[in-house]
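*Asks:* Protein chains in written order, with the numbering used here: chain A, 1 to 368; chain B, 1001 to 1470; chain C, 2001 to 2260.
Quick caveat, the hints were computed from the structure, so don't treat them as lab data. Please note that the accuracy of each hint is not assured.
[What the hints assert, rightly or not] Straight line, CA to CA, 27 Å or less: simulated BS3-like cross-link-like pairs of lysine-lysine: (1) C:K2025 <-> A:K350; (2) B:K1299 <-> B:K1414; (3) B:K1119 <-> B:K1459; (4) B:K1119 <-> B:K1035; (5) A:K265 <-> B:K1414; (6) A:K91 <-> A:K49; (7) B:K1212 <-> B:K1044; (8) A:K91 <-> A:K77; (9) A:K350 <-> C:K2255; (10) B:K1176 <-> B:K1044; (11) A:K331 <-> B:K1370; (12) A:K26 <-> A:K91; (13) B:K1035 <-> B:K1056; (14) B:K1212 <-> B:K1195; (15) A:K127 <-> A:K99; (16) A:K331 <-> C:K2190; (17) B:K1310 <-> B:K1176; (18) A:K265 <-> B:K1299.
[Stated by the list, open to error] Computed footprint of chain A on chain B; a stretch qualifies when at least three of its residues, placed anywhere within it, have a C-beta under 8 Å from a C-beta of chain A: (19) 1277 to 1289; (20) 1374 to 1387; (21) 1404 to 1416.
For every residue, glycine included, the Cβ atom is placed at its ideal position computed from N, Cα and C.
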Amino acid sequence: MDASSQYLSADHPDRADHLWRYTPWKKIHPTGDISDIPSDFSIPEVSLKTIDGSTLPPGISLDMGDVHSEGLPDDEKITKSFLEAVTGESKFTLTVAPKFKSEVPMIIEISTSGTFCSAHICLDIGKLAELELVTVVRGTCKWFGMLRTGSTGEGAITSDVVVNRLEHGKLLRVESISIPRNSQFKAGTVSSGSTITKADLRYRMFQPGGNLNVLGSILSAREMSLDHHIEIYHDSPETFSRLDWNSACGGSSRTVGTGMLRVSKGSNGADAAQLFQNLLLSRDAQADSIPELEVSEHDVVGCGHGTASGPVDEDQMFYLASRGFSPNESKSTLIAAFLNSTLSEMGGDKMHGWLVSELDSDLSELGD
Amino acid sequence: MSGDSEAREAVGDYKAGWHDPENATIRFDFGLSEKVVRDISELKQEPEWMTEIRVKAYRHFVERPMPTWGNTEELMEIDFDKVCYFLRSSDQAGSSWDDVPDDIRNTFDRLGIPEAEQKWLSGVTAQYESETVYHSIREDLEKQGVIFLDMDSGLKEHEDIVKKYFGSVIPYSDNKFSALNTAVWSGGSFIYVPKGVHVEMPVQAYFRINAKNMGQFERTLIIADEGSSIHYVEGCTAPTYSTDSLHSAVVELLALPGAHIRYTTVQNWSNNVYNLVTKRGVAHENAKIEWVDGNIGSKLTMKYPAVILKGEGAHAEVISVAYAGNGQHQDAGAKVHHMASNTTSNILSKSISKDGGRGSYRGMAKIMPKAENCRLNIVCDALILDEESRQDTYPTMEVGNPTAHCEHEASVSKVGDEQLFYLMSRGHTEAEALGMIVNGFFEPFTRELPMEYAVELNKLMSLEMEGSIG
Amino acid sequence: MASDDNPILEVRGLKVGIEGASILKGIDLIIPKGEIHAIMGRNGSGKTTTANVIMGHPAYEIEEGEMFLDGESLDDMEPWERSREGVFLSFQYPQSIPGLQVGNFLRKSVSSVRGEEAARGSEFREKLTSAMEELDIPKSFLSRYVNDGFSGGEKKRFEILQLMLLQPRLAVLDETDSGLDIDGIRTVSKGINSVVRGTENGALIITHYSRILEHVNPDRVHIMIGGKIVASGGPSLANLLEDNGYDWLEEQVEKGVDFE
């Protein structure tokens, strides 16, 4: 069955399912008519570069054409088949050779335009490769659909950061990545763009020794509606995961962070922790969290999650005031620090510097 | 006592698992229809408005689909046509144990109710199947104007109050099971505490299902008027049969300004009871509602005690423990809605699963946009005792006001080998050590219980830990 | 009126409460130029409140009295304005701010308090390096987050590092010695001395024990009991107190003994 018929035959999502509780499929679908698969999709400009403009090292390439990745068994059928159906010609594979190593982070620039735009990017990262990668989405299209699938190689160390800098419109982002034996994967999300975002990010550790670190720096301003759903599966022994998701919620925005941490039977020695934090910055901002946890293995190191939502801390404000910071300086410093505490974990210094400069200009939009 | 060896075998360690011979004076046929609903109402000679509500609720129940969340597989197994919706065992509720039929009285004697009543209770109501069989309240409280009746008598004697509040906290349309309860309710407690009266000792209700395939649908309404306080304790047991029973209660609490209601439940239904209960309280200005909720028994429990913090300065406290053993799923949790400013809530959930049991915390916490300076704190701890068992946490938090401080944390862990070793090095067997650790884990809950209940719970958990070592 | 004769800090009849409870019940205190004063007292005597109130903590309510820095009233000044005027507080429990790097924070603080010039170029870097060396703080400290995961000793050293870089007119040190070992106390005292001694700046050291005072040699010692300064005297008062205890001192005060 092709993707279009798969989509059309899939069940409609239920709002009892927390993935769809806050941003129903109708709201993020390009036309709002969910029986519709629009055909007028344009292909964005997609290019692979180094972050500092130096020459691309050997062993890494981005190619257009059919992709080979099946995604994960627990993927949400509706969005995935829809994105597969609308990314027909717009498919790319990032191939990284085994043992690839680069001091300089790589960047995939995606430049969108027109009304509907989409891309499917497949990661094919070789064994023992070491890679820092930023995928940045920019431009002016009204609706962008991005599907990212693939796998890292055994023993590979990857930082994979996705930066949303769309000027407006809707972003539907679906991601399903598998993490094999002894592979370390950092999945960062930096979001300061698009008006409505729905992201469904899924990571599966299916062999022993998988190590996953999911990080979010979410800047929610104006009338944005940002809904990130993250599922992490521990499906093998001795697997490790951490999630730190920081959202600064300003304007009259709505920020949603939902997650599922599932530790299946047989994943002994699993070590998993999640923390969703919301910094509430304005009267009309709303923040919702549902961090779910299902543990079917008793011999675990520990499995936990937490959420915390609150305004800027008064004691921190006083501490900074005692060092001469004015109230506005204190507040913006604390917001930046809050977002930076996850941002700075996403990669090395070069990557961090680049990310800070991307985010800096948007910080001023927060607050009342 | 029954000599039925098959039943004895099924009872196992479950102490309250015996059953008495059924001596029903009225027993409805299995199954539910509008006629059954009207018959119950007629039998009870209820006012017409109550009959109307029952019928509306019945219609809603029929139309309303099963919840699509929770343990949907087990919910689908409930066969509403194989439930007896009304069974009368005694022709009247006695106010002296001597008036209670001997076999029923035996049951409550064995459960220790009359003894407890003398020692530490302000009032007792005992429900057997569908209706209350025993009822009493201390004279001094009666003189102060405290009303403590079974719900059927409450409706007869205080129709005006019941009419005003019945369904005001939990309308029948709230969910499928609140609709079912409203349609066929029978028994339960009706309590009114006048302004400023403090009921120092707890009042207790005891619920017993004895018959096979029985449905128990008690309905409780507690109104604590301004500045008053009351502690209500309920216990539940049933015999172990190979066929299932259904318990679906609705409990509504109203704490008027400055009032304090504590509602303690220790549910130890046998492992063939579906326990699908809706509990909710409304707390007005500076009022306080506490749910102290222990779920030890049942096959499937779905219960999320809720507090609507409606008045400024109101406080909610939900402390719960759950134990899920073989074939059990405890899907329990808490709900708080902060509607007013300066309201606070604390939720503590402790859950243990063992022998393939499944424990789930499901919660909803909401801060409304107009509620300023609210504080909310949720802690969920879970222990998985073996490789067959499972624990889940499904919390939802919706924060609509930037001055709110909200925190949630949950963790799932196992019993530490070092902890066990330490206790065993002090001469305790592994089972004893495990029992001590489990009782320690439940301690924040147990210490909130009346002494008798605490002792009983500790014994029960120690018993559960025996034979768990393989 | 600002004039050269004004003391650095003058506190007159200060009464302070928090959430309706009164804590300071009439404090008078004068710290002349170039002097280090100490306030000693038991837990709950109002020491930390005094420190917080000088810094302008918003939670406290000034019921009566006034405070002056170099003759200027502090009454209507926000905490950050006081900081820019030269008040510094070394916190007993400094706040941690994950995500804010120490290096950036120090630069921003110096720029706020002493002006952009002071935070620029090689002069700032040199000062920073030498102060860090003096306090035994490793370079790697600069890329950590403010007080995040710091040990008790690291937090105190970091407060003193800020003191040395900000060069305040008045340094208030709230139990900076608590939780420090002898080495730590010596290092921290060196920092305090370097900021005050030989200058016209002043300092107020708030402490439970006399140990730190042996290293900084205060010009005057004040004893606080129940929200009041009950005795003041020279440095020897600290030793007298340490030898005989607060109960004894209270008795002496009741007897009307003057410790001058």
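*Asks:* Evaluate each hint against the coordinates.
*Replies:* Hints and how they fare:
| no. | hint | result |
| --- | --- | --- |
| 1 | C:K2025 <-> A:K350 | 56 Å, violated |
| 2 | B:K1299 <-> B:K1414 | 23 Å, holds |
| 3 | B:K1119 <-> B:K1459 | 20 Å, holds |
| 4 | B:K1119 <-> B:K1035 | 44 Å, violated |
| 5 | A:K265 <-> B:K1414 | 14 Å, holds |
| 6 | A:K91 <-> A:K49 | 18 Å, holds |
| 7 | B:K1212 <-> B:K1044 | 23 Å, holds |
| 8 | A:K91 <-> A:K77 | 19 Å, holds |
| 9 | A:K350 <-> C:K2255 | 70 Å, violated |
| 10 | B:K1176 <-> B:K1044 | 24 Å, holds |
| 11 | A:K331 <-> B:K1370 | 23 Å, holds |
| 12 | A:K26 <-> A:K91 | 25 Å, holds |
| 13 | B:K1035 <-> B:K1056 | 13 Å, holds |
| 14 | B:K1212 <-> B:K1195 | 43 Å, violated |
| 15 | A:K127 <-> A:K99 | 6 Å, holds |
| 16 | A:K331 <-> C:K2190 | 34 Å, violated |
| 17 | B:K1310 <-> B:K1176 | 25 Å, holds |
| 18 | A:K265 <-> B:K1299 | 22 Å, holds |
| 19 | 1277 to 1289 | violated (count 0) |
| 20 | 1374 to 1387 | holds (count 5) |
| 21 | 1404 to 1416 | holds (count 11) |
In summary, the numbered hints that this structure violates are 1, 4, 9, 14, 16 and 19.
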